[in-house]
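Peer 1: Going down the list, the sequences are from chains A and B.
Position in the first sequence (from 1) plus 142 gives the number in our numbering.
Position in the second sequence (from 1) plus 190 gives the number in our numbering.
Any given hint could be a false lead.
[Said to hold, decoys possible] Straight-line Cα separation of at most 16 Å, EDC-like style, residue types lysine to aspartate or glutamate; simulated pairs:
| # | chain 1 | residue 1 | chain 2 | residue 2 |
| --- | --- | --- | --- | --- |
| 1 | A | 221 | A | 200 |
| 2 | B | 396 | A | 291 |
| 3 | B | 384 | A | 280 |
| 4 | B | 384 | A | 291 |
[Said to hold, decoys possible] Ranges between beta-carbon positions, derived for each pair:
| # | chain 1 | residue 1 | chain 2 | residue 2 | range |
| --- | --- | --- | --- | --- | --- |
| 5 | A | 327 | B | 274 | 53 to 63 Å |
| 6 | A | 221 | B | 274 | 33 to 43 Å |
| 7 | A | 447 | B | 379 | 39 to 49 Å |
| 8 | A | 255 | B | 282 | 23 to 33 Å |
| 9 | B | 384 | A | 458 | 26 to 36 Å |
| 10 | B | 396 | A | 269 | 24 to 34 Å |
| 11 | B | 384 | A | 269 | 55 to 65 Å |
| 12 | A | 452 | B | 325 | 45 to 55 Å |
| 13 | A | 423 | B | 325 | 28 to 38 Å |
| 14 | A | 255 | B | 379 | 19 to 29 Å |
| 15 | A | 441 | B | 524 | 38 to 48 Å |
| 16 | B | 251 | A | 458 | 36 to 46 Å |
| 17 | A | 402 | B | 342 | 21 to 31 Å |
| 18 | A | 327 | B | 384 | 16 to 26 Å |
[Stated by the list, open to error] Computed list of chain B residues with no C-beta within reach of chain A, every gap over 12 Å:
| # | residue |
| --- | --- |
| 19 | 400 |
| 20 | 444 |
| 21 | 545 |
| 22 | 555 |
Hints listed in this document are in silico derivations from the structure and should not be mistaken for laboratory results.
We put the beta carbon where it would ideally sit given N, CA and C, even for glycine.
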Amino acid sequence: MSSVIARYPFLRSAGEYLRLLDYSLDEFNDPSMSHIIDKASKRVLAAINGTVYNELSDEDVEVVSFLLACILVRSIGVKSLYRRFALYEARRAERFLLEDLKRDRSAIEKILGLVFKDVFAVDIKYIQGEGRFIMRVEDYLRYSTSFHDSYWRLTNRVVHRGYVYLDARDVIRLVRDELVHLIMKRIEGMRMDISSLPEPILRRSEGLKSMLIQDKEFRVERLEVKSYPPCILNILRTLEQGGNPSHTARVLLATYMLGIGKSVDQVCELFRSAPDYNERVTRYQVEHLAGLRGNRIVYSCPSCEKVMLQGLCFKAEECDGIKNPVQFRGRKEEGRGMI
Amino acid sequence: MSNQGYETIQVVRQAFREFYYNNSRMLETPEEIGTREFGYSTFNGIMVRHLSFKSINELYALLIREVPSDVYSSAAYYTNPTLPMEEKGLRYADLIFDIDIKELNPPCSYTHDVYICERCSNVTEGRVCDACNTTAKRIVFPCDSCIELGKREVKKILAILEEDLGIDRVKVYFSGNYGFHIHVRGSYLNLDSKARSEIANYVSAKGIVYDILFKRYRRGKIDGEGNERGSDMFILKPNAYGWAGRISRYIIQEDGEGRRKKGKEKKGYTSKRLGDHTLYYAYTHAVEDALHALSVSIDPNVTMDVHRIFRLAGTLNGKSSLAKVTCECIDSFDPSVDACFIGDREVYAYITGAPRFRLKGNTFGPYRQEYSRLPLYAFCYLACKGLATIAKS
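Looking at chain A on its own, in the form it has when it is part of the complex (with noise of 0.2 Å):
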């Protein structure tokens, strides 16, 4: 039980475990307690990095520093952290699962109760002879319909009797979403007064704070400067609130940000909150894009009349007279020198 709290730190148990262990904020002005808030630290680190943080000590410091850190990226109070962090703790999560869903019997049926039935309500067998989970289609649908890829489509998977026949990467895979979630929601919904945390985690929380707006310029930029056409900015804000663009709006995004002149690199980073995101996959399909791979054709943005017939065009009045999305970030700036 205990490792596994120490894998799964947002589980029903671990919760119960951290109340009898009956830590109070306070505690952590203690020196001897720096350990954990450097732990807690390293996690939201990570998350800004865009890196899953791979340690793994024991469950006592484990679930706390989880907490501490859910409390640090409260603290910080930048909306898209929340979701980052979230993200890349159900990663860390989801690297554990891989290893769970492979052990013997006992402990993948173990890790199905605690993990899938516990937490998000889904009842998954495991088929011991041949190695595979089971899903009923009801649930299996109610995850794998916001994905957008063939692979994931009912008529593509092995169905009998009601269930659908998965294995261990899909069957976390389709979970993943649904984990960001509950960590998001945890964070969110801590009521807490700021200024009545302990001091060396004001001050983590401040360090973390400046690191974030100074190595994630790019992202910052994104969000605050609204120079970029409303058609961007909404498939944008749909990444950043954890949805799911289509295939098209994915590829209107990657080839407008190649054509303002933002690397590959910088557009890669762009597509890290998507909930199917690869890293391997979007960076192979943004080279193509750039003309780095494959037939090497640069891709151009298509058109303003494209992206409406889209369904992607958000006109607002500052797009009149301009054909092509990425002509509005020239346009804003002539004003702004015109003024």
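With chain A held as given, fit chain B onto it using these hints.
Peer 2: Only chain B this time, still in chain A's reference frame:
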């Protein structure tokens, strides 16, 4: 029906009233009737929606009083069924499939369907009115082979629902005109439109990616550069569940039959050693054939739309005067007998045009601009299709 003339409408309306009066037991009470939205259309073409009834008796009283041409009930269960759509409060909805025989393009349809001009009521052979040169409306006269086509689709969908989706509680209805409705009972209620669309695509096998279902691979030698040379292969999985198994079994069976009939009836892909491995294009061709034979033709919009209202079982269809009835045994079901409940008294009618058709075991027609004495059920059948009016004897 609204442009048929007062007297014709009154005769049909009276026939409908007699049906409801004599067959109240046929009227099916939807589950949780108080949460359903009801609607009906009048013989004047007016549609009334957003109604609610606490009991089937309340609805029955309306049928006798108003005598609608068509009566509908929602697939959805609402908190407030009488409020406007956005305020109704959707709780859940039945999963329903609609098989429209017209969409199956029966090869015999040109032999019995007629076209009627909506402007001059002229019955024409083709889609354009001979008299006023406008597009004419198609009036269907399903024959036995059309109904058989529909039944074949029903059997296919029932097998898929049971074997793949684990749905064994279903009710099959004849729609009252030219199709079948399949209502799923007690499961798959909480699906949203997207999930319903997935189910619709599943039964009609839309969006199948062959490479995912049959794991394509290359068989051949590895060349000097480390690339595999050779043909792409499909792996047939006759023992697999779902579409992969169904398609594989069909291909293998067809291939076997093809071999047996070798020399007589040669199939495109039988000569390609399908039981083993063969060229990718041959498999693609074989899978397409299998999908054509195995997929079910349904109207996906009907399944997806949770707010749609459906013809209520046990009521008459205003396009044919036949009833929407349960098909207890799909093989022996004959709509011309099992769904025809209008009375037998004779009426004198003018018939603009109609092919030969069969009702209650009797054959009528063909008619072309002529007066004739008809039993009421045959008259109503033609009048509902806009092809007959009451004449003075």
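Peer 1: Check the following: the C-beta atoms of residue 452/A and residue 325/B are separated by a distance inside 45 to 55 Å.
Peer 2: Violated, at about 32 Å.
Peer 1: Using the C-beta atoms of residue 221/A and residue 274/B, is the stated range 33 to 43 Å upheld?
Peer 2: holds, 35 Å
Peer 1: Do the alpha carbons of residue 396/B and residue 291/A lie within 16 Å of each other, as the hint requires?
Peer 2: Holds, because 14 Å separates the two Cα atoms, which is no more than 16 Å.
Peer 1: Range hint 19 to 29 Å: satisfied by the CB atoms of residue 255/A and residue 379/B?
Peer 2: Given a distance of about 26 Å, which is inside 19 to 29 Å, the answer is holds.
Peer 1: Range hint 36 to 46 Å: satisfied by the CB atoms of residue 251/B and residue 458/A?
Peer 2: violated, 56 Å
Peer 1: Run the C-beta distances from residue 444/B to all of chain A and say if the shortest one exceeds 12 Å.
Peer 2: holds, 21 Å
Peer 1: Is the hinted range of 39 to 49 Å satisfied by the C-beta distance from residue 447/A to residue 379/B?
Peer 2: holds, 43 Å
Peer 1: Assess, step by step, whether the Cα of residue 384/B is no farther than 16 Å from the Cα of residue 280/A, and give holds or violated.
Peer 2: Distance ~12 Å between residue 384/B and residue 280/A Cα, so the pair holds.
Peer 1: Lying within 21 to 31 Å: is that true of the beta-carbon distance residue 402/A to residue 342/B?
Peer 2: violated, 57 Å
Peer 1: Do the alpha carbons of residue 384/B and residue 291/A lie within 16 Å of each other, as the hint requires?
Peer 2: holds, 14 Å
Peer 1: Sort out whether residue 200/A lies within 16 Å of residue 221/A, counting only the CA atoms.
Peer 2: This hinted pair is violated, its Cα atoms lying about 30 Å apart.
Peer 1: If we take the beta carbon of residue 400/B, is the closest beta carbon in chain A still more than 12 Å away?
Peer 2: violated, 9 Å
The structure does not agree with the numbered hints 1, 5, 11, 12, 13, 15, 16, 17 and 19 stated previously, though it agrees with the rest.
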